[in-house]
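K.L.:
Model the placement of chain V on the given structure of chain W, informed by the hints.
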Amino acid sequence: MARIDNEYFKDERESGFKVIGTPVQRSDALGHVTGRTEFFEDRNFSNLAHLKIHRSTRHHALIDDVDYSEALRVPGVLRVITYKDVPENWYGVLRLIGIGPDDEPVLAEDRVLYVGEPIVAVVATSEAAALEGASKVKVSYTELPAVLDVEEAMTPDAPVIKRAGTNYFVYEGHHARRIRFGDVDAGFAEADHIFEWRYSSAPIEHAPTETTGCIVVPQAGGRLLIHSNTQAAFFTLDNTALTLKRPFTDLQVKGGTVGGGFGGKVDVMVEPLACIAATLTNRPVKFVYTREEEMQVSSPRAAERIYIKDGVMNDGRIIARKIMLYVDAGAYARHSPYGATKAAAHMPGPYTIPNVYVDCHCVYTNRTPSSAMRGFGVTIADFAIESQMDQIARALDIDPLQFRLRNAYRDGDMKAHRKVASGTALIEVIQRAAALVGHELPPEYQAMSSTTPRGAGA
Amino acid sequence: MTLRYGRGYASVNYPTGMNLGGDPSQALIHATTMGGFVVSLSSVDLGQGLKTVVAQCAAETLGMPMEQIIIDTADTDTGPHCMGTFASRGTHRVGNAVIMAAREAREVMLQVAADELEVDAGDLETDGSGYVLLKGSPATKIHISDIALAAHFKQGKSIAGRGMFLKERSYPVPETGEMDPDSCQAHACTVAEVEVDDETGVVTVLSLHNTYEIGRALNPAMATQQVEGGAWMGVSHAIFESTEPYYPLSRAHGPVDFSEYLMPGPAEIPVQTSVILERPASNGPFGAKGIGEMTANAPIPAIANAIFDACGVRLTTMPFTPESVLRGLDAL
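Protein sequences appear in the order of chains W and V.
For what it's worth, this note's numbering labels the leading residue of the first sequence as 1, then goes sequentially.
For what it's worth, this note's numbering labels the leading residue of the second sequence as 1, then goes sequentially.
Looking at chain V on its own, in the form it has when it is part of the complex:
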């Protein structure tokens, strides 16, 4: 038995948003009596952290602390239309809609504050702590709670805003495929290091070195979660998962539970180093591009290429099972 070491490379790009566009998302924001901001959406959090990142977009745009922001999502009676959470579109579409709604709400908020402080709204700024204050004269200030109270009980105003992001649908030219299929492209390069046991055919992914260009990491901790979780899923695709061991002949042996459907457990998680680059997208919320799907993709071919580097077996069918490695070694 020999453990053979190999290194493989792959680089990819990935489109943000539904291919061909036409996938709108809306957001509504309104302030409560005491200056909480409710962001109403019909978008869904799949575990990727959408609620948190759009709250950040709202807080940044309003100039208010995160604690002021409440996300009310996925009730079709109260939320405005959203196409859905897929296609690496959540942060991009919903983030943009939230920013637009928050800008509108901020304008009203500053006007109410201006009337209370008897200054010009254009001379006001927010400090991120909950206060609206006069530029250059920060002692003249008013807290969002007092602004909201004044709006609702005195001035008779609703501090609210509407946001809508829509990239118009593109229709491909049938003959040539000419089309506009994306809002922006994210990028990744993976270097995979593997060990191949030439007696058992077992591939162990030792490490993944990933570089991701994602426009802007709105929340670096959650971006890390996304890219490293996605890379793990790539490992799973590459060397574990298949619903049909005997595809395409039979499905009689298809898995029915997690003891038969193989996925990597804690012992199979490779060491990961990840570096994020940021090239802001002109149409992204604070420059963010969609990264949800891309992160699983580059590890797969990088692992295939590393297996070849290790033992000279070119695997062209996913997943790269021990059987396929051994058959490949026999054929050499």
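Chain W on its own, in the form it takes in the complex:
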């Protein structure tokens, strides 16, 4: 087990707890290891129907025709669902808290924006019949030019893929979520050294043990009971009700035990269609992603591209930092505009830099829509910032931990987004990590403290 080092922040730590701070055994451990924990798929219902999707095979195309007559002839197929069966087909997962636009259809209407976009849902008495039915749907396309690269999507001659008219999310009139602090040009002019590098990442999958899914059971009184592995029960309930145009009290979400989420189960992708299918067939309906769907069409972590330019003095003080960040949102917004704002708030990292200029772009491309994932808006930024810190330390021949300590934020420092830092402990975790591996720090670095204002002492 990890050691708790009580020597730090002694006077801030309350003691005398009876339960808090003790290694109580987790309440669900026994159920998990003996296989008795009940997940949503462990519930059995007679008459259970299954829902599968026919998905786009094109990056970007007009839909000329959808022919599902053969799907209806597959034995066991109960119903085919198109966008016309979805009461409020256009949605955005953040509309509950007033962040638009509602830019994504539950089922595609006249066009598709990515490979894997759902076009038709097939409900059948068995999973095999639903799969076969979905495979029999024929879609005729007229292909449109696709844009698959974030920076290419920002160029004036890129094909515009969004109805809003731009391939990027507009933040209150701006093409990016911005941070402006100090005078970055003056900082660069004053700096002894300028360093500029580019960082990027590939999209990755959440890879939960349990794939995204739900079972919707029509109740005797007309309500719908949703057994779901959502990460957010009310988020799912409210958004589903909006899509169904039904009173919120018509739905009940039951969940609570989830086989891994990491952000992948907050997009509300399965419940609305399963509810429509359950209503249309008056049967319990199960809609669960296959592993292939989980990896190919569920939201991945966004690929990002980040440019960082730093102005640094000979003594190792970073005095200016400019960051251009491009988040590949894929075809639809989902949580990505929020993630880009979170990225902006995280800049310029846990360091006190007097001049900061940040543009975080949320960019639409014809790729799988990305969305929330553990470390949303921050993980790739941390990779970029900390790689940048290492490169600068090496270029200036400064010890990498000393370089971080010289720039570490402390209580009372003003962050670039103009909130005064408090409760900081970057200095202490660095000092403790150095001690852990026998990395020697000179006395003045050992004497630093997050609670000592900058300039006082060290």
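It is worth saying that the hints were derived from the structure and are not from the lab.
Where hints are given, some of them may not hold.
[Stated by the list, open to error] Keeping only pairs whose Cα atoms sit at most 20 Å apart, straight-line, the calculated EDC-like set for lysine to aspartate or glutamate is:
| id | chain 1 | residue 1 | chain 2 | residue 2 |
| --- | --- | --- | --- | --- |
| 1 | W | K84 | W | D102 |
| 2 | W | K419 | V | E178 |
| 3 | W | K18 | V | D127 |
| 4 | W | K419 | V | E175 |
| 5 | W | K162 | W | D103 |
| 6 | W | K18 | V | E107 |
| 7 | W | K18 | V | E67 |
| 8 | W | K18 | V | E125 |
| 9 | W | K419 | V | D180 |
| 10 | W | K419 | V | E168 |
[What the hints assert, rightly or not] Taking CB as the label site, the calculated pair distances span:
| id | chain 1 | residue 1 | chain 2 | residue 2 | range |
| --- | --- | --- | --- | --- | --- |
| 11 | W | D183 | V | H81 | 43 to 53 Å |
| 12 | V | G122 | W | G412 | 37 to 47 Å |
| 13 | V | G312 | W | E151 | 21 to 31 Å |
[As the list claims (entries may be wrong)] Under 7 Å between C-beta atoms, here's a sample of chain W residues computed to sit facing chain V:
| id | residue |
| --- | --- |
| 14 | A232 |
| 15 | K254 |
| 16 | P300 |
| 17 | D390 |
| 18 | P400 |
| 19 | R418 |
Cβ atoms here follow ideal geometry from the backbone N, Cα and C, with glycine treated the same way.
P.N.:
Relative to chain W, chain V alone:
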């Protein structure tokens, strides 16, 4: 073939709670006939242990043993509103709501006990074993079962409480980005040690030495689980995972299962040493900060920096594949 050894460093911070706030969680507590406490939530346990840690918050606040606490979670008919389990917010938001609800319930519990014992409620305390007793005179005591029975059958009272945590939403100033994006910040520093095979390009993470500052470890065993599991995920991000080997050109070769989507197995798990520091957050439940997401982050750049230290190749694209290492070595 040479195995080249390198060491790399990275330090990070991480915000607790939904960026910009506006993400409330509520909790309700009521006592059953015999003095069990049901905590009703709409929050979800993703495997991180939320149910256990909020039960601890309830037990500590009520002054009752863990066995008295039942967590009823994620039924929207019976649970009060919760925004959801994400953004490293569960322990912080839900923990605070549970503490608030438990305080309210405790007040009623002590008043019922006071009436039964014919003493002043302010003179009572709990011992954590199920008894409410008179301060300085512990022989005068009453068990929670008897308190609950008296409340329900004699005094006609409901031992219950409501809790709500909300950090009001902050709206960024469009021109400057001025905003209040967090409730508190957790911190971490990772030292990664790697071995790079300069013939195959394979990177092996030998060890991760992690120091985490997490406000307060409400349950040290589960905090360890979180930070070490998270660091493992960081290793996975750093040197294994990608859905699109040929990003951004094609997705035809995207993985469809775990035999194609690479993640570290037991053989690739590095030795981990972890040290936890605690600087309690003023707005955290017993000082706790959110740590769920942060723990994956510092290992990634630490590994990139260690690869450079080992072989002089600066990898600026995640993940750090053998191909990218070999291409980097060729370019030196």
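K.L.:
Each hint: holds or not?
P.N.:
Hints, verified against the model:
no., hint, result
1, W:K84 x W:D102, "17 Å, holds"
2, W:K419 x V:E178, "8 Å, holds"
3, W:K18 x V:D127, "9 Å, holds"
4, W:K419 x V:E175, "16 Å, holds"
5, W:K162 x W:D103, "8 Å, holds"
6, W:K18 x V:E107, "19 Å, holds"
7, W:K18 x V:E67, "14 Å, holds"
8, W:K18 x V:E125, "13 Å, holds"
9, W:K419 x V:D180, "6 Å, holds"
10, W:K419 x V:E168, "15 Å, holds"
11, W:D183 x V:H81: 43 to 53 Å, "44 Å, holds"
12, V:G122 x W:G412: 37 to 47 Å, "39 Å, holds"
13, V:G312 x W:E151: 21 to 31 Å, "28 Å, holds"
14, A232, "2 Å, holds"
15, K254, "5 Å, holds"
16, P300, "5 Å, holds"
17, D390, "4 Å, holds"
18, P400, "5 Å, holds"
19, R418, "4 Å, holds"
Of the numbered hints stated above, none is contradicted by the structure.
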